[in-house]
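Got chain A; can you put chain B on it based on the hints?
2 protein chains.
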Amino acid sequence: MSETRLGQATNFDSWKHAYAKRAENLAVSEVRALFSVVSRPEVVSLAGGMPDVSAMDNDLIRTAFDSLMSSRPQYALQYGGGQGDLRLREQIQEIMELEGVHGSVEDLMITTGSQHALELLSDLFLDQGDVVLVESPSYVGAVGIFRHKEAHIEHVFTDADGISPVAVAEAADRLIADGKRVKLLYLVPNFANPSGVTLSESRRDELIKVCAERGILIIEDNPYGQLYFDKQPPRALRAREAEGVVYLGSFSKILSPGLRVGYVLAPPAIREKLVLANESAVLSPATFAQMLISEYLSICDWKAQIASYRNLYREKRDAAFSALEQYLPKVATTRPEGGFFLWLTLPQGLNSKEMLPLAVTELVAYTPGTAFFGDGRGKENIRVCFSHPTSERVKIGIQRLSNVINRQIDLIDTFGVQQ
Amino acid sequence: MSETRLGQATNFDSWKHAYAKRAENLAVSEVRALFSVVSRPEVVSLAGGMPDVSAMDNDLIRTAFDSLMSSRPQYALQYGGGQGDLRLREQIQEIMELEGVHGSVEDLMITTGSQHALELLSDLFLDQGDVVLVESPSYVGAVGIFRHKEAHIEHVFTDADGISPVAVAEAADRLIADGKRVKLLYLVPNFANPSGVTLSESRRDELIKVCAERGILIIEDNPYGQLYFDKQPPRALRAREAEGVVYLGSFSKILSPGLRVGYVLAPPAIREKLVLANESAVLSPATFAQMLISEYLSICDWKAQIASYRNLYREKRDAAFSALEQYLPKVATTRPEGGFFLWLTLPQGLNSKEMLPLAVTELVAYTPGTAFFGDGRGKENIRVCFSHPTSERVKIGIQRLSNVINRQIDLIDTFGVQQ
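From first to last, the protein sequence lines are chains A and B.
If you count by numbering that gives the first Met the number 0, then the first sequence holds residues 0 to 418, one letter each, in order.
If you count by numbering that gives the first Met the number 0, then the second sequence holds residues 0 to 418, one letter each, in order.
Honestly, the hints are just simulated from the structure, not real lab data.
Keep in mind that the hints are not guaranteed to be accurate.
Note: identical chains are not told apart, hence a pair may lie in one copy or across any two.
Claimed, not checked - Dumping the calculated PhoX-like pairs for lysine-lysine here, alpha-carbon to alpha-carbon at most 25 angstroms:
hint, residue 1, residue 2
1, Lys-15, Lys-208
2, Lys-15, Lys-179
3, Lys-179, Lys-378
4, Lys-208, Lys-378
5, Lys-208, Lys-352
6, Lys-20, Lys-352
7, Lys-329, Lys-15
8, Lys-179, Lys-329
9, Lys-302, Lys-329
Chain A with its partners taken away, still in its complex shape:
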């Protein structure tokens, strides 16, 4: 991988005059800069956001592949339709029903990971200056796309029960009064990336009402919904309201991100446009990956595989909690009941972004909170991703992190907060 300095092009550019205006908004994400660090084995990475694919039973993948290659290789290797494989879409119906979502195969489209669904939706809806309401904090990949589309990103008050519908209404009304077009509300309602919080039952209905009254389309991004540790989260927003919600799902966290297969369920008119946009962007989503997943779902006990992930990630979350209690009792954390992430709030005066190089010298990496805001907030926050390292390594990582944090706290106690 080449090294790119944050926010700066390193190469002389003879085509500088020729770029489109929107190209100015292509920023190097703070997560990306960490990739080269993360790959060093001596570093415990609490950054990333990667599932633990070592827990996948590879024999299931082999079985699915063998079955595919003996039954339908010529379809798997060929171009497919822009909407995606019909059998896979039927199987996705079954997966969505686990979250209470009932949708037609006609309104489902397969995408190159759910990231690309978000890209296509944003391209479809966002003109320059249009408003997207998001959680505080919000998923870094979504913030990046919205910025690239030159949208106005408005972070709305979020607490342990998720994004606040009252604050959504207030923000929307204020921005509408300012003459802005408030187009989308984007959220990860279950075990959110990066905060780990889950939107409460009552807020789900309120949020739908607030958005419907103002003509705001909800994008419900749900990659972690099935990865609950004790009890299932409340029914999806899309299970409550069909016309006002676009629902995104993914195989990245319950099977493999390397296959890049996600999906989007949208109201019919939106779905029609999404299919055209998908065809324009990639001709068709990868047939081979889709059909491999379809074979996997039809042959293997995928529900048992997901259940094993629940146990695996619960154990890692518990390891993170116990290490935090032991080593960082003064640091506040969210209490995720599923998913991959927890969100730390550091004692006053600490800056997670400035502290990162120190952490790397202590052989631990994390993502600074600023990555998850479009407005510079998050300096006092850290996203801890506990999904990828072993439980033992999660603990070691947090212990190392505590060395860095405690040293910073000592510095502040001695010399005061630097302004």
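Chain B in isolation, oriented as in the chain A frame:
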């Protein structure tokens, strides 16, 4: 698959007020409308544009998969970097060298098919009204993307030697004088889709000169270069000029389009931005598909496989030529020396688009020439894709096509040309 009427949304749309302006330019392509027809086995499809994947040795795919799953499954199933797998990029260097192209792995990026490279490049360079110069006719998927970006698509005179550099200069100067920004020249120099023609040796150097003088970036799309029938086409434009050319390649025609793996070689500053755009759009290209291809290239005799395709497609091209001579001696055709396509010019008064439903009742499908122009031209043209059916079916398809065409000619001879 749902049926969508050409250019019309069929569903009531409660979000009509909310779309971005660019969404108006999402058009249903004429190729797409044929998909449902093509899938009926009794129809000989000369439409499409699909490789004959039945000629792929599936044991090679199995071998590559087994090798991958025993050596590096945890990498293959995981997220990867936004630029793509390093080993695959090194192998692509070797493939590009067959066309005389020497590029750094640093400046190569893997994409979700080369269609997505074109999407990312267009998004990077094209503001509304910017000019893209293209061949007459041009690849339908490119025309669709440029239209979606609200670009001005300028078709430039093209003959049996490819696009004319003199006409490129003339068009560019005229448009620049009109105050337009002429940003890109897009072309398929070898065995072009849809015309089948190849840009001559001398025109390659001229074209580079004309574009360099005017600050126009050349996008050289080369999916068919290795599928020559007798002799290799002239060296790539990128082999002659590095800073002024972005080079696109693909595994879709020499291995499998169902894997959706293409690549782009770009000047460093452009490549940096493309990697950011790729990450924003899909996080990372599919690791699994990339590593499967990488194993295939390292283990199998891929050059022998490509050589077998050359023989296969030459035989099909010859079948098409002999059927055209026998059944349609009055119809003019290009003389492709590689690739998948030939381009027919019908006798005066015939309209390929209007004739298509008649052809389908005769159980043959093709793509009307209008699909390959952004300006309504092409009514008298037909793209014949000879790559997918067997040679025997290619002949039958052309015989059926001749029934339709000859009947139309008889009608015109009897009743005169309808205006």
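Do the hints match the structure? See the list:
{"no.": "1", "hint": "Lys-15 x Lys-208", "result": "between (46 angstroms within a copy, 20 angstroms between copies)"}
{"no.": "2", "hint": "Lys-15 x Lys-179", "result": "between (31 angstroms within a copy, 17 angstroms between copies)"}
{"no.": "3", "hint": "Lys-179 x Lys-378", "result": "neither (28 angstroms within a copy, 45 angstroms between copies)"}
{"no.": "4", "hint": "Lys-208 x Lys-378", "result": "neither (33 angstroms within a copy, 51 angstroms between copies)"}
{"no.": "5", "hint": "Lys-208 x Lys-352", "result": "neither (38 angstroms within a copy, 48 angstroms between copies)"}
{"no.": "6", "hint": "Lys-20 x Lys-352", "result": "neither (29 angstroms within a copy, 38 angstroms between copies)"}
{"no.": "7", "hint": "Lys-329 x Lys-15", "result": "neither (49 angstroms within a copy, 51 angstroms between copies)"}
{"no.": "8", "hint": "Lys-179 x Lys-329", "result": "neither (41 angstroms within a copy, 61 angstroms between copies)"}
{"no.": "9", "hint": "Lys-302 x Lys-329", "result": "neither (39 angstroms within a copy, 62 angstroms between copies)"}
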